[in-house]
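Taking the hints as your guide, dock the two standalone chains into a single complex.
What follows is the residue order along each chain.
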Amino acid sequence: MPAEGIGKRGYCTLEELKGTPGCPGDERLCRGAVAVIECLQEIPCNPCEEVCPHGAITVGEPITNLPVLAEDKCCGCGLCLAACPGLAIFLVDVTSGPGEAEVSFPFEFLPLPEAGDGVAAVNRNGDIVTAGTVLSVTNPQRNDRTPIVTISIPREFAMEVRGITIPHRGKGQR
Amino acid sequence: MEETDAAIIGAGPAGLAAAIEVARAGGRVVLIDENSRPGGQLFKQIHKFFGSRTHDAGVRGITIAHHLLEECDRFGVTTLLDTVAYGIFAGNGIGLAGGGRTWTLHARRIILAAGASEKALPFPGWTLPGVMGAGALQTMMNVHRVLPGRRILMIGSGNVGLIVSYQALQAGADVVAVVEAAPSIGGYGVHAAKIRRTGIPILTSHTVKRVLGDDHVEGAELVALDEGWHPIEGTERQVPADTICLSVGLTPLTELARMAGCRFTYVPALGGHVPLHNWDMQTSRDTLYVAGDIAGIEEASTALEEGRLAGMAAARSLGLLTEGDAASKKADIRKRLVSLREGPFGRLRRELKEPFMKGREITHAG
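Line order of the protein sequences matches chains A and B. Each residue of the first sequence is one higher than the one before, counting from 1311 in this note's numbering. Each residue of the second sequence is one higher than the one before, counting from 51 in this note's numbering.
No wet-lab data here; the hints were simulated from the structure. All values derive from a computational prediction rather than experimental measurement. Fair warning: there could be bad hints in the mix.
Said to hold, decoys possible - DSSO-like cross-link-like pairs, simulated, lysine-lysine; straight-line CA separation at most 30 Å:
1) Lys169(B) <-> Lys259(B)
2) Lys1383(A) <-> Lys1328(A)
3) Lys169(B) <-> Lys1318(A)
4) Lys1318(A) <-> Lys259(B)
5) Lys380(B) <-> Lys408(B)
Okay, chain B solo, but in the shape it has when bound (with noise of 0.2 Å):
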């Protein structure tokens, strides 16, 4: 039987800060993902983050996911790449796929790190080849240095969706507009103001009526909605492009915890149904800890610190940290949340969260 101290499932900005408290704590990791590399978004992330520029702001999510990853490695985290976790069954056992076989994993901690994945938004052709996530897009373009295409049409103006559009331009794509149903810009006026000082257009009250184009991507018909979103007849208009991208939210993705049997809450503006947990990231199983976007949807810079507290609680519940220790390093990492939490964007999810949070009562209730 293999067995570990804490399996973490999620190699993203959560996951490599939670497995990286955990083996510096001196605990076995076994750190999971089913992508062929780790780092999660971070590597699509070439802008500058914000924060404190004590803990990495100003300093690029791709240089950020690298020295993650020589933490990890300077700990001795074990990571399992191209592997999939389909399951958590009886004992803590993690049901694990990849390279032609299957396994089981047990673990005495699980941190849950999955992630989450990219809304859709249904209109007339939306499933025309072009169509695509801002994620996708991000992919292609940061990644794997592909430029789908020329003239790209956004939809959504939050703050992934504006920094799309920038590193779309940065890639050498003209950006058509950025459209936004809601009647204001959703995300960062500084990053709206870095696309909109290049003249690309940030159409609020706004939304894609239908798709041009019968075989692939020629354009977009877009309509002006009124103070009750209702498209306003006689204002279509149409914009020329061959690549329109869907950023309007993500989604948690909580499929293990459903199956490990955590107790859930539903708040609409964290993504929607929510693992319950605490300041310890626990969740209602005592062995199960969940950080990062599958906690609710947040930023790199929030779900590193998530990660560093549900590693840190973790460890100390292995008995791998001193109550002292683990008390005064989570004071820490919890005022540093709490101040990435204010201000007009931040304190919406501070006060979703921090009620459920706030008592230990769940931890036991499951």
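Only chain A is shown next, with the shape it has when bound in the complex (with noise of 0.2 Å):
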């Protein structure tokens, strides 16, 4: 029923995602901040279609339909990663700076990171995957308690690191 490999893995590797229409190209990628739609079940949801700004996400009807990101659309300002309800949107931008990349993602756990702490950037299966810093932690009155928080790694992690590690993961079982 599910996509194969999500209902499987539950997640979906890079493969799967590229191509998907929530995904931008890598000339797009390559061109600065963008939002990575990683949405790939038809589930009825829209909220990311109505919050952005810029009409780059398109739902239409029925609200089964995948997410499309207009990637000329996008200009990058994150607005649709809080308003997911499935936590499904990154930020991703290759151009921070050489050899660089800055990831945003959702982050609904105690205690926050901070701006300048070292972290374990994971990717999509929890494996910890590279050292990252954090640059920012943003969390309006319009998230509505969905922190969203920006690090930044070595660009070739970019599209495989989706989150930081979480200090009491794991700590039960030792």
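If you want it as structure tokens, here you go:
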């Protein structure tokens, strides 16, 4: 029933993501900050469409359509990150500095990291893949308690890193 | 004799929405709930809802509950809390018990929105302290702010299992694993992805063989299942846990509909025995309506819309709405319900519900 790999693994691989209507192409990624919508199953949901001030995301009717990113309209403002109930939208900027990339993601756990913190960046499988530095943590009222964390990581991990470790995760097992 | 235009049993999303629609149309409404607080499961739903942005998608369940309660207040709904509706008798008399007394409330229309109860799963050790429903964990964490354990094992990967696992992690517990007997994850991929990127494994084609521990949960022995769902010998492994949560489905709470003599249908994928109802949410007893999980297990967003439909249909049958007014409002809601039941997850429910909802013939056959 659900898309093959996600239904088995619980996350999509980069290969599964590429070419989906919410994933920007490499050329757009190279032009600066852009939303990466990792929503690959037809579920009834459309807040991303409504929140985008530039009309860069289209769901349409029926609302189970996958969100379509108009990559040229996306200016990388990141408003969609906290609006997505599935926490499935990320902001990726591979132009932040030589060899660097910035990745922003929703992070609804306490304690929140702080700007300047060194963090362990994880991929979609929760594996630590590289070290990162927190650049900002924002949580304006419109986010309705979904803070957005932006970290800096080596550029080659821009499309792999989707979060950071959660301090108490795995502690119980030791 | 106490009497009212409409009595609504259950103050969850379906019951609240139904109460609002009857009261908005000018009807006298009594809303009954056995809990000390209205809102049903909504106050446990601290996550943002899916759905259409024009109808509360992206809003947390707790916020939706506050909005609904404000509307109930605004339209003058009478709410009886800590009150059990124990029976439905001749002439639409509802037997009520609460505050040390029992009495009968007569209602011209009754809307049953009693919700559902969690299914259990028996395995050696399942009665030990520390084994509980996922809903129980969610109530303790999100309503009472008590964390019953530190290392949680979740059985079942439907949306409830995935969401409660995420919320347990938010509450400061660790989740050892999510165990799923089916070969694929039951809930939405985005819910699964949220917990997978924290490193929580989801073990498909696995089940719990037994609980470890003599007088409380100390862990569990898991085993892999083959294609025929039989345990594969030699694949047993032990995981540490102090809490085992069961999220293996829900059963509609249909006792009152049974007692009232409603006709039923049996649809396993909707949770089992479900009162037959039409697109007005009317049962085979034409003054009795159903909405929400009692009408087939779905979600809060569909329960809300079903409650609105039932409330509008009841209001129309009481002469509180004109036929034209009711028809256009109900058409909008039906359209939303159809769209909420699109896609690979909702389509099955739509395909199962629509055939028996289509005809009006059931309404007078009971």
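Structure-based check of all given hints:
1. Simply put, Lys169(B) and Lys259(B) have alpha-carbon atoms about 18 Å apart, close enough for the 30 Å limit, and the pair holds.
2. For the hint pairing Lys1383(A) with Lys1328(A), the CA-to-CA distance comes to about 19 Å; that is within 30 Å, so the pair holds.
3. Among the hinted pairs, Lys169(B) with Lys1318(A) is consistent with the structure: their alpha-carbon atoms are about 24 Å apart, no more than 30 Å.
4. With a C-alpha separation of about 21 Å, the suggested pairing of Lys1318(A) with Lys259(B) holds against the 30 Å cut-off.
5. At most 30 Å may separate the alpha-carbon atoms for a hinted pair to count; Lys380(B) and Lys408(B) meet this at roughly 14 Å.
Of the numbered hints stated above, none is contradicted by the structure.
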